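Using my numbering, the final residue of the sequence shown is 107, and nothing's skipped along the way.
Keep in mind that the hints were calculated from the coordinates and are not lab data. Just so we're clear, the structure is a prediction, and the values are computed from it rather than from any experiment. Glycine residues also receive a C-beta, built at the ideal position from the N, C-alpha and C atoms. Any given hint could turn out to be false.
Result set (DSSO-like, lysine-lysine): computed pairs, CA atoms no more than 27 Å apart in a straight line [claimed, not checked]: (1) 87 <-> 47; (2) 105 <-> 81; (3) 47 <-> 105.
Simulated restraints, written as ranges between beta carbons of each label pair [to be verified]: (4) 75 <-> 44: 25 to 31 Å; (5) 17 <-> 96: 28 to 34 Å; (6) 68 <-> 97: 27 to 33 Å; (7) 10 <-> 62: 29 to 35 Å.
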Amino acid sequence: MIDSYLVQPDSVGLKPHQYQLIEDIVLNHVSVIHAWVFGSRALGTYKDNSDIDIVIEGHGISLSVVAGLQDRLEQSSLPFKVDLLVKHRITSSELLAHIDTYGIKLK
Numbered sequence: 001m002i003d004s005y006l007v008q009p010d011s012v013g014l015k016p017h018q019y020q021l022i023e024d025i026v027l028n029h030v031s032v033i034h035a036w037v038f039g040s041r042a043l044g045t046y047k048d049n050s051d052i053d054i055v056i057e058g059h060g061i062s063l064s065v066v067a068g069l070q071d072r073l074e075q076s077s078l079p080f081k082v083d084l085l086v087k088h089r090i091t092s093s094e095l096l097a098h099i100d101t102y103g104i105k106l107k
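Use the sequences and the hints to build the structure in full.
This is the structure we're talking about:
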């Protein structure tokens, strides 16, 4: 896992204002302690319209919290879909291994 805080937005294919939106909605939420980008944006194989995969960890992240964050992301001006997962709810060992190996830390 790449453990660099203050990730450069362009390293995951985001414009600064897009990163700011994600930060305002997800990263600054009181329940979110850690967050990582994974998938094609972490691997550098994304296209301009690729979705962005984000996994979060924290205290008290219920399904309703995730649904609220997801709704705010969908209502935002982001031109792509954001897939938001909670790390402790992931059951796929392969996906967890991918996140641990290639995830880029956002918070």
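How the hints compare with the structure:
Note on residue 87 and residue 47: the hinted pairing holds, with a Cα-Cα distance of about 25 Å set against a maximum of 27 Å. Of the pairs offered as hints, the one joining residue 105 and residue 81 holds, with about 19 Å between alpha carbons and a cut-off of 27 Å not exceeded. Between residue 47 and residue 105 the alpha-carbon distance is near 20 Å, which keeps this suggested pair within the 27 Å criterion. Checked against the hint of 25 to 31 Å, the pair residue 75 and residue 44 passes, with Cβ atoms roughly 29 Å apart.
Checked against the given bound of 28 to 34 Å, the beta carbons of residue 17 and residue 96, roughly 31 Å apart, stay inside it. Remark: the range hint 27 to 33 Å for residue 68 to residue 97 is upheld by a beta-carbon distance near 29 Å. The beta-carbon spacing between residue 10 and residue 62, approximately 33 Å, falls within the hinted interval of 29 to 35 Å.
Consistency with the previously given hints is maintained throughout, with no hint failing.
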